[in-house]
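J.: Top line first, the protein sequences correspond to chains A, B and C. Going by our numbering, 270 is the number at position 270 of the first sequence; the sequence numbering is gapless. Going by our numbering, 25 is the number at position 25 of the second sequence; the sequence numbering is gapless. Going by our numbering, 449 is the number at position 449 of the third sequence; the sequence numbering is gapless.
Simulated from the structure, these hints should not be mistaken for lab results. Because the structure is a prediction, the values reported are computed rather than measured. A hint or two may mislead.
To be verified - Residues of chain C clear of chain A, computed beta-carbon distances all greater than 12 Å:
1. Thr-87
2. Arg-122
3. Gly-178
4. Glu-220
5. Asp-247
6. Tyr-428
7. Asp-485
8. Phe-515
As the list claims (entries may be wrong) - Listed next, the in silico SDA-like pairs over lysine to any residue satisfying Cα-Cα at most 20 Å (straight line):
9. C:Lys-370 x B:Glu-150
10. A:Lys-168 x A:Pro-129
11. C:Lys-196 x C:Gly-211
12. B:Lys-12 x A:Gly-198
Claimed, not checked - Covered by chain C, according to a simulated footprint, are these stretches of chain A (three or more residues, beta-carbon under 8 Å):
13. 123 to 134
14. 255 to 261
Just so you know, even glycine gets a beta-carbon here, dropped at the ideal spot from N, CA and C.
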Amino acid sequence: MRALATSLALLCAGCTGSQTVLAPMGPQAAQLNWLLWSFILICGIIWLLVMFVLVLALRYAAVPSQRGERRAAVIVGVSVAASALVIIVLTVMSYAATRGLSVAADDPLVIRLRGYQWWWEVTYTDRRPDRMLVTANEIHVPVGHPINIELSAADVIHSFWVPNLVGKQDLIPGRRNDLTFTASRPGVYRGQCAEFCGLQHAHMALLVIAEEPAAFEAWRDAQLQVARPPETIEQEAGRTFFVSQPCAACHTVRGTNAAGTLGPDLTHVASRRTIAAGLLETTRGSLAAWIADPQTIKPGNNMPMVTMTPEQLRAVSAWLVDLQ
Amino acid sequence: MLLIALALLACKREARELRTDPPATDALNGVVPMANRINGGLPRIFIAQGSPYENNAYQLGQGKRLYDWFNCKGCHANGGGASGPALTDGRWRYGPDPVSIFLTIRDGRPHGMPAFANRLTTEQIWQLTGYVRTMGAYSAQTAAPSRNDEMQSRPAENRAPAATEIRMPPSR
Amino acid sequence: MFAGLRPRRMLLCTAVLLASASGFAVSLQSSAASDIDVGNVGGMTLRLALPIRQTSGSAGRAIFDHDRLFVITPFPHSVLALNLARTDASVLWRYSPRADGMAAGLATGHVTTDGAVLSAGRLFLNTFDGHTIALDAATGGVVWDVAMADVERGETLLVAPLAIDDRIYIGNSGSDFGVRGWMAALNAATGRMLWKRYNAGPDVEVGIGEGFSSPYLPREPDLGVTSWPANAWQQGGGGLADAPIYDAPLGLLIHTTGHPAPMNAEQRPGANYFTSGLFARDALSGDARWFVPINPHDLYGFGAAGSLIPADIHWQGNNRAVLIHPDANGMVYVLDRSSGQILSAHPFLEVNASEGLDARSGTLRGNPAKAAHVNSTTRDICPAWPGATGGTARAAFAPQTGLLYIPVSRLCMDMEARQASFMPGTPYMGANLRIKPPRDSNRRGALLAWDVAAGRLAWSADESLPVESGVLATAGGVVFYGTLDGWFKAVDASSGRPLWQFHAASAIVGQPIGFQRADGRQYIAVAAGVGGAAGAVAQKEIDIRDATAARGYANAIRDLKPAATDGMLYIFSLP
């Protein structure tokens with residue numbers, strides 16, 4: 001009894017939280033949620049019905065007869081028709097519920113999401129190209145505003161899935177998929193790559209942060225600024241090291257000479273909650289650990305281990321953690 | 001039964017060395033160039049590790065990715081060359097041995113080859129060296145880099161021997 | 001004594017230009033004064049052939065002045081002054097600037113040099129490795145030498161300077177390396193910089209202010225910043241694409257801007273001003289007067305390459321000062337020189353990358369089916385990089401026929417955009433390119449005669465290989481051009497009828513020049529020696545099995561024979 005209660009409690013714990021389909025936080029997710037429950041309900045009823053009939057059939061085995069044959073044929077016919085009807089109804093429901101997912105809304109905020117092994121590049125489009133914004137692994141969205149996500153991939157197939165809001169939809173190299181969603185309540189929702197994409201597939205998470213529109217605009221304006229200049233000598237040394245060493249070949253920090261586009265844009269890396277696609281919380285320590293030995297933390301990822309002295313590591317981490 | 005057991009023995013997956021210890025990296029960087037800096041001796045650790053940058057498909061595949069990522073194509077195309085010399089034709093200005101190619105990438109060369117010492121790590125330079133050597137190899141190899149995901153413009157890397165002076169009509 | 005010599009029987013002057021010739025008496029003097037015209041060009045003979053020791057193409061325009069001929073060889077450069085008054089055309093002086101070898105690896109695309117310019121007894125030249133040098137034309141002594149471009153970042157000086165009064169105008173190249181383009185004026189006496197204006201960035205740095213107006217641009221400040229993703233203009237290319245010109249009555253310096261970097265256009269959404277367009281600047285202050293975006297958001301790396309030809313022509317009933325510009329994108333533009341207004345634009349060959357001009361914006365309507373996308377290959381884009389014309393292929397306009405003679409490449413390409421990462425000093429390109437002949441045809445080049453006033457093709461002379469040489473149209477109604485298979489040809493300017501041809505030792509990508517000596521006789525000079533994009537295929541260490549070699553150009557001209565000889569300088573005249 002105790003065990004049952006515990007497992008029930010555990011199950012229910014899955015009904016809330018930042019990564020569950022059972023707590024829809026937007027109309028699209030709500031639709032999918034409704035669809036899910038409808039399916040469970042209808043299929044559950046049918047399953048019970050079938051079980052009931054099965055029990056009856058086993059219990060009262062009929063004597064073979066001419067009349068029985070004919071009756072059986074009628075029953076089979078009616079059942080087939082009923083099954084077909086149920087399947088058609090479910091198909092129509094499913095179509096109706098998912099149709100809205102890839103239809104562009106009026107005046108949506110268009111965000112491009114590009115999957116890499118193993119992180120997400122997020123690009124906010126704008127009519128003015130200089131107000132376009134590139135960030136990584138974290139999507140900020142204004143609450144109540146329709147979002148159109150353009151999905152593409154750089155290397156292999158990935159899949160975008162933020163259970164509380166929307167999903168899934170694949171990111172496929174060489175083509176574009178579209179997805180529409182709206183977040184109706186502020187919050188932090190976790191997403192996850194839902195298509196096996198290699199060694200670190202499990203460590204390819206992203207966060208969707210839904211904010212009030214004013215907060216979102218403030219965030220966006222802050223992100224559009226170039227990186228803040230270093231304040232201490234140590235930070236200055238960190239920046240010097242960064243722009244003159246392999247770091248700059250792959251990463252962009254706007255406001256410096258580093259303009260590589262092979263890895264995530266680090267202009268405001270410290271404003272993001274996590275690094276390495278949701279693997280570590282952003283702290284100076286985790287940044288230093290990641291730079292010092294990325295292959296132990298996330299084996300197989302494309303960040304190489306750059307040779308540096310402890311002083312250089314301290315300096316670079318001091319600078320990066322200041323890039324708010 | 002025995003046959004199946006034997007067959008299963010062949011299912012050994014190639015080891016992927018994802019991480020090189022910093023002391024090993026230092027040792028790999030320790031090539032000893034000759035006075036003319038054209039080539040030099042292989043670091044002993046290269047052999048001690050079993051020459052992974054020559055015969056490990058994962059390392060060659062990484063090299064292929066880096067070749068695309070680090071703008072090698074701008075000058076050397078997909079091996080056919082442009083403002084830089086071709087890499088697939090088996091002619092090497094500084095010889096075909098790994099150390100001279102390593103030095104070419106790390107320190108650059110006169111007449112246009114920039115140094116990549118501050119853009120790539122030692123491990124990456126070796127991966128790239130290994131890949132570049134497969135492009136212009138004189139004999140076929142069992143270890144091949146990964147499949148080409150881009151525009152198919154030339155024979156695959158491990159299809160040795162490198163050849164020169166073959167005149168063909170334009171492909172359509 | 002020269003009269004009876006036919007080219008094939010003629011002894012070639014064995015002197016390498018780098019040494020003084022001796023012992024061979026070739027008289028360049030002749031008493032018979034005559035002009036080369038349609039009737040007599042067939043009898044033109046070779047007067048002088050000098051081997052030029054060189055490693056890459058010779059696109060330079062030799063300069064004739066007072067019986068001296070100045071020749072600049074490709075990088076690493078040498079400048080030679082030849083004495084035509086002497087029977088052996090001996091070398092008066094020779095100057096070889098110290099060369100930075102790193103520049104050799106930067107010679108993407110048009111691997112050539114553009115020549116020098118002579119003004120007030122001084123010879124001004126740009127070296128490919130970034131120096132602007134003034135030489136005393138009499139002695140070859142260096143007057144001044146300033147470093148203007150940083151080779152370490154991939155920046156070069158490819159286009160020859162322009163000398164106007166006491167000023168020298170130069171512009172940088174290096175769009176393939178993400179070098180921000182600029183135009184500068186130097187004091188001709190001292191080499192001191194008078195002004196420098198960029199081709200992208202904030203208005204102050206571009207030189208846009210009060211006197212600027214353009215019917216084709218939105219009226220907004222700092223377009224050179226706002227039409228790029230944040231900070232992308234800093235490595236956005238846009239160096240000089242072709243030789244600038246000067247309009248004396250208007251006091252305007254008109255120059256082209258190169259293509260934006262990287263070639264992968266999806267990495268730089270926006271119109272990418274002020275790359276790939278035509279700029280008119282006040283020659284004294286450098287302030288911009290007008291700008292025409294020719295290929296905004298350039299998808300194929302065309303830049304606004306193509307000749308700029310000022311002409312005063314009869315246009316729709318009245319005389320007009322126009323600018324004729326055949327562009328790499330396959331269109332002939334006729335613009336008003338004072339305002340930059342586009343008067344007409346017609347395609348001069350078959351193109352599918354664009355679908356005509358949008359009169360309001362002044363730009364081409366792109367064909368979405370031929371746009372290049374990241375990680376997918378778009379096939380059969382016409383014209384191909386490096387453009388239908390431009391670079392070494394310099395057009396000429398003959399006022400008496402009203403025809404524009406355009407050397408063209410009829411090539412198409414497959415293009416796959418790739419993510420490019422900016423690392424200073426390495427190519428910032430982001431594209432796989434495979435160039436090929438057009439479908440159903442192996443006529444890869446032609447000399448076209450374009451009726452500017454009527455906006456239609458008058459005649460064309462097809463060639464098997466792309467025509468990469470400059471064109472010379474003489475007052476005698478003859479048009480000279482060279483081909484990649486080594487023919488130097490003369491055709492009738494009005495009909496295209498072949499009149500004369502000469503087989504040179506190597507492909508011709510140079511600019512033929514005509515000059516008249518004191519005796520009144522006309523001479524034609526041209527340098528042979530394969531160069532440009534084709535030169536990369538014939539001379540560099542290229543493996544043509546790779547269809548993307550030489551940025552795809554190797555695939556288009558796989559049948560071009562490797563150049564075996566050094567370049568040659570030829571001088572022709574009537575017997």
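J.: So, for every hint listed, does it hold in this structure?
T.: Hint check results:
| no. | hint | verdict |
| --- | --- | --- |
| 1 | Thr-87 | holds, 58 Å |
| 2 | Arg-122 | holds, 38 Å |
| 3 | Gly-178 | violated, 8 Å |
| 4 | Glu-220 | violated, 9 Å |
| 5 | Asp-247 | holds, 33 Å |
| 6 | Tyr-428 | violated, 9 Å |
| 7 | Asp-485 | holds, 39 Å |
| 8 | Phe-515 | holds, 49 Å |
| 9 | C:Lys-370 x B:Glu-150 | holds, 18 Å |
| 10 | A:Lys-168 x A:Pro-129 | violated, 29 Å |
| 11 | C:Lys-196 x C:Gly-211 | holds, 17 Å |
| 12 | B:Lys-12 x A:Gly-198 | holds, 19 Å |
| 13 | 123 to 134 | holds (count 8) |
| 14 | 255 to 261 | holds (count 5) |
In this structure, the hints that do not hold are numbers 3, 4, 6, 10, in rising order.
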